[in-house]
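Let the sequences and hints guide you as you build the complete structure.
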Amino acid sequence: MARSDQKPRLGVWKFASCDGCQLTLLDCEDELLQVAGAVDIAYFPEATRGSVRGTYDLSLVEGSITTLHDAERIQDVRRRSRTLVTIGACATAGGIQALRNFADIDDFMAAVYAHPEYIETLSTSTPIADHVPVDFELRGCPISKQQLLEVLSAYLCGRRPVTPAHSVCLDCKLRGNVCVMVAHGTPCLGPMTHSGCNALCPSYNRGCYGCYGPKENPNAPALSERLDQLGMGRAERLRFYRTFNAWAGPFREESERHEP
Amino acid sequence: MDNVDDGSVITRQGLQCLLDALAQRGYTVVGPTVRDQAIVYEELARTDELPAGWTDEQDGGHYRLKRRSDEALFGYAVGPHSWKRFLHPPKVSLWQATRNGDELRFVPARDEPPRYAFIGVRACELAAISIQDRVLMGDEYADPHYRSRREQAFLVALNCSEAGGTCFCDSMNTGPDVKEGYDLVLTELLDGDNHLFLIRSGSEEGAEILAELPREPATEAHQAAATAVVEKTRSQMGRSMPQTAIPALLMDNLEHPRWDEVADRCLSCSNCTMVCPTCFCTTVEDTSDLEGVTAERSRRWDSCFTSDFSYIHGGSVRSSTRSRYRQWMTHKLATWVDQFGTSGCVGCGRCITWCPVGIDITEEVRAIHDDVSSRDKE
Ligand code: SF4
Ligand code: SF4
Ligand code: SF4
Ligand code: SF4
Ligand code: SF4
Chain A
1 MARSDQKPRL
11 GVWKFASCDG
21 CQLTLLDCED
31 ELLQVAGAVD
41 IAYFPEATRG
51 SVRGTYDLSL
61 VEGSITTLHD
71 AERIQDVRRR
81 SRTLVTIGAC
91 ATAGGIQALR
101 NFADIDDFMA
111 AVYAHPEYIE
121 TLSTSTPIAD
131 HVPVDFELRG
141 CPISKQQLLE
151 VLSAYLCGRR
161 PVTPAHSVCL
171 DCKLRGNVCV
181 MVAHGTPCLG
191 PMTHSGCNAL
201 CPSYNRGCYG
211 CYGPKENPNA
221 PALSERLDQL
231 GMGRAERLRF
241 YRTFNAWAGP
251 FREESERHEP
Chain B
1001 MDNVDDGSVI
1011 TRQGLQCLLD
1021 ALAQRGYTVV
1031 GPTVRDQAIV
1041 YEELARTDEL
1051 PAGWTDEQDG
1061 GHYRLKRRSD
1071 EALFGYAVGP
1081 HSWKRFLHPP
1091 KVSLWQATRN
1101 GDELRFVPAR
1111 DEPPRYAFIG
1121 VRACELAAIS
1131 IQDRVLMGDE
1141 YADPHYRSRR
1151 EQAFLVALNC
1161 SEAGGTCFCD
1171 SMNTGPDVKE
1181 GYDLVLTELL
1191 DGDNHLFLIR
1201 SGSEEGAEIL
1211 AELPREPATE
1221 AHQAAATAVV
1231 EKTRSQMGRS
1241 MPQTAIPALL
1251 MDNLEHPRWD
1261 EVADRCLSCS
1271 NCTMVCPTCF
1281 CTTVEDTSDL
1291 EGVTAERSRR
1301 WDSCFTSDFS
1311 YIHGGSVRSS
1321 TRSRYRQWMT
1331 HKLATWVDQF
1341 GTSGCVGCGR
1351 CITWCPVGID
1361 ITEEVRAIHD
1371 DVSSRDKE
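Those protein sequences? They're chains A and B, same order as listed. Per the working numbering, the very first residue in the first sequence carries number 1; after that it's consecutive. Per the working numbering, the very first residue in the second sequence carries number 1001; after that it's consecutive.
Hints in this document: simulated from the structure, not taken from any laboratory. Treat the hints loosely; a few may be bogus.
Unchecked claim - Computed Cβ-Cβ distance ranges for the label pairs, DEER-style:
1) B/1109 <-> A/108: 50 to 60 Å
2) B/1319 <-> A/135: 15 to 25 Å
3) B/1171 <-> A/204: 34 to 44 Å
4) B/1037 <-> A/54: 24 to 34 Å
5) B/1261 <-> A/45: 51 to 61 Å
6) A/108 <-> B/1319: 17 to 27 Å
7) A/37 <-> B/1025: 43 to 53 Å
8) A/256 <-> B/1053: 44 to 54 Å
9) A/146 <-> B/1308: 34 to 44 Å
10) A/256 <-> B/1261: 20 to 30 Å
11) B/1037 <-> A/236: 16 to 26 Å
12) A/53 <-> B/1036: 51 to 61 Å
13) B/1037 <-> A/257: 25 to 35 Å
14) A/230 <-> B/1224: 36 to 46 Å
Unchecked claim - Every beta carbon over 10 Å from chain B, so not counted as near; a handful from chain A, in silico:
15) 19
16) 79
17) 105
18) 121
19) 167
20) 174
21) 188
22) 260
What the hints assert, rightly or not - Which bits of chain A does chain B cover? Going by a derived footprint, with three or more residues having C-beta under 8 Å, they are:
23) 22–35
24) 54–60
25) 81–90
26) 151–160
27) 175–184
Think of the CB as a built atom: it goes at the ideal place given N, C-alpha and C, for glycine as much as any other residue.
Below is the structure:
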């Protein structure tokens, strides 16, 4: 398939997030020129001063929906985008800010702001897919640079990206790591976490924190039982499940099972 | 050349001479060493890189390095790695394609593997290698990547002096004594400060190398000591496989409630298949660059515990953990026999130790076996 001369227009959009995922794109130092050569970066506030006019062939959306204004803005982004890809734990699962979903938002506001009455916010932080149809979700907190380049390359030639949904354990074993859970007794979320980071933490003798959210077909209750045997208490386990992907189905359900 | 096949004994210095002789012949020497609190297989050059004085404590989902009271170099059971990582590597590039205008060019990936010499290949591991030989190069559809590594490999086998807590080679008839398929075989003999290795050759090249080593002929006492080592190991098996017609047992009980029970515990994480020295499944992945000029196809280990593994048009055939665990166990122990003429399990125990939740293939067979035979009695 020969490519048309017209470069696809790329938009990068930010909702409630830390910017880490967008910055992954800028972090593609060696490949950035190639990216700029392959797509027309039409809107990317982190990198350029563009305008929100017109339509976009590909939109990368970072961040979750936490305000009414954003809930409306994402509808506009969706209308302007032919293909919409969400990037990162905020956009795909609600992010760390979804911890508010488990608590009373007014209590948080009173604790953080001197004048909570000036703050207008939703009581929840929700993934983009709860609001508009999403064509592809790229996980991670932050996303991996290699995976982002893979998604872009795949998009450009019209193929499915290679971002398998298996466990971190599989990658961990490909790398030849010694399992930290079996050999050191270190709690690890790898067996229920989606591949993508190339088993980064276990490669440095740390347990997996679940940055990439749930893998397909996870079994959290069985993992909890093992964590318990390793001496990780109930409250600690609740916190273990409730981080960047706290609101993602299997993590959420398992943490709720652990509530006092 | 004197007759070395009656057995000789070498010292630890002699073992160093062996490593040197292999390196001199151009082999990349790989053997056991301690890394990240486990005994793994890595390239090594000196005997002091071997796990002297270390052993392991193994159980379902549990592995700990432990200090030994002696300085044995091979006083441990198999760890998380197997020789599969070298003979059938986790990732292999298959080909690249480049586009120049309308012209497409396909270039097979260069695959020039090293000539490996493996140090300390256990009986169960020799059996696993022979099973992979059958699977990956046993008929006209040979895997060139496996074959090129395997045909050049030099195997220094080892009679086990220590069985691990999850070993069950005795009940799979694969060990702990080394029977065939090696170039050299060692038995470690420790008697106080007297630290020797009984060594025998099993191939011409093995005999040639052995003839170069400083050695003494083995006495009857050495032979007897070596036999005693293996017999002691045989009596220490941490696990055993029920002695019954397992293929029929499993295939007649495909709807047994035990599959549901194990599915409740199984994480579907794929660790068991990754560490298993006989599991051979791979998938291919295609990638292309941003400019759409080059594409690459590569191959990596895959597992029947993933959903992509059984994905066909319309979805995954095995979406439940129950069906995946059943696939793994029936393949290892039943359908493998139909396919390749032997069991797919050699009793090394790795899948038990390295399963994060300690699921035990021998216990799963026993559960179905005991339940069926108790019902038969009624
Ligand atoms: S260290 Fe964690 S990710 Fe790696 S195999 Fe063990 S449980 Fe899985
Ligand atoms: S099934 Fe388990 S015990 Fe049998 S060969 Fe594989 S890893 Fe070893
Ligand atoms: S048990 Fe599964 S991964 Fe192993 S060889 Fe069989 S199908 Fe492949
Ligand atoms: S299974 Fe047998 S041959 Fe393998 S390490 Fe254990 S005792 Fe040795
Ligand atoms: S049996 Fe154990 S190692 Fe295998 S997939 Fe299940 S939990 Fe993972």
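Hint-by-hint comparison with the structure:
Our hint of 50 to 60 Å for residue 1109 of chain B and residue 108 of chain A holds, since their Cβ atoms are close to 54 Å apart. About 23 Å separates the C-beta atoms of residue 1319 of chain B and residue 135 of chain A, a value consistent with the hinted range of 15 to 25 Å. Checked against the given bound of 34 to 44 Å, the beta carbons of residue 1171 of chain B and residue 204 of chain A, roughly 39 Å apart, stay inside it. The hint said 24 to 34 Å for the Cβ distance between residue 1037 of chain B and residue 54 of chain A, and at roughly 57 Å that hint is violated.
In this structure, residue 1261 of chain B and residue 45 of chain A meet the distance hint of 51 to 61 Å, their C-beta atoms being roughly 54 Å apart. Our hint of 17 to 27 Å for residue 108 of chain A and residue 1319 of chain B is violated, since their Cβ atoms are close to 39 Å apart. Residue 37 of chain A and residue 1025 of chain B have their C-beta atoms about 50 Å apart, which keeps the hinted 43 to 53 Å range intact. For residue 256 of chain A and residue 1053 of chain B, the Cβ-Cβ distance of about 49 Å falls inside the hinted range of 44 to 54 Å, so the restraint holds.
Between residue 146 of chain A and residue 1308 of chain B the CB atoms are about 19 Å apart, so this pair departs from the stated range of 34 to 44 Å. One distance hint, 20 to 30 Å for the beta-carbon pair residue 256 of chain A and residue 1261 of chain B, holds here, with the actual separation near 25 Å. The hinted range of 16 to 26 Å is satisfied by residue 1037 of chain B and residue 236 of chain A, whose Cβ atoms lie roughly 23 Å apart. Roughly 54 Å separates the CB atoms of residue 53 of chain A and residue 1036 of chain B, a value that falls within the hinted 51 to 61 Å.
Between residue 1037 of chain B and residue 257 of chain A, the C-beta spacing of about 32 Å keeps the proposed range 25 to 35 Å intact. Distance hint check for residue 230 of chain A and residue 1224 of chain B: the Cβ-Cβ separation is about 45 Å, which falls inside the suggested range of 36 to 46 Å. No Cβ of chain B comes within 10 Å of the Cβ of residue 19 of chain A; the nearest lies about 23 Å off, and the non-interface call holds. Residue 79 of chain A, annotated as away from the interface, keeps every beta carbon of chain B farther than 10 Å; the closest lies near 27 Å.
At the 10 Å boundary, the C-beta of residue 105 of chain A stays outside the reach of chain B, the nearest C-beta of that chain being 35 Å off. Every Cβ of chain B is farther than 10 Å from the Cβ of residue 121 of chain A; the closest lies at roughly 37 Å, confirming the non-interface assignment. Non-interface status of residue 167 of chain A relative to chain B is broken: a Cβ of that chain comes within 10 Å, the nearest being about 5 Å off. Residue placement check: residue 174 of chain A does not keep its beta carbon more than 10 Å from all beta carbons of chain B (closest about 4 Å).
Not every beta carbon of chain B lies more than 10 Å from that of residue 188 of chain A, the smallest distance being close to 7 Å; the non-interface claim is violated. Under the 10 Å C-beta cut-off, the non-interface status given to residue 260 of chain A relative to chain B holds; the minimum distance is some 25 Å. Only residues whose C-beta sits within less than 8 Å of a C-beta in chain B count toward coverage, and the segment 22–35 of chain A has 3 of them, enough to reach three; the restraint holds. With 0 residues having a beta carbon nearer than 8 Å to a beta carbon of chain B, the segment 54–60 of chain A misses the requirement of three or more and the stated coverage is violated.
Counting residues of the segment 81–90 of chain A whose beta-carbon sits less than 8 Å from any beta-carbon of chain B gives 0, not enough to reach three: the coverage restraint is violated. Coverage of the segment 151–160 of chain A by chain B holds [criterion: at least 3 residues with CB-CB distance below 8 Å; count 6]. A stretch counts as covered by a chain when three or more of its residues have a beta carbon under 8 Å from one of that chain; for the segment 175–184 of chain A and chain B the count is 9, and the coverage holds.
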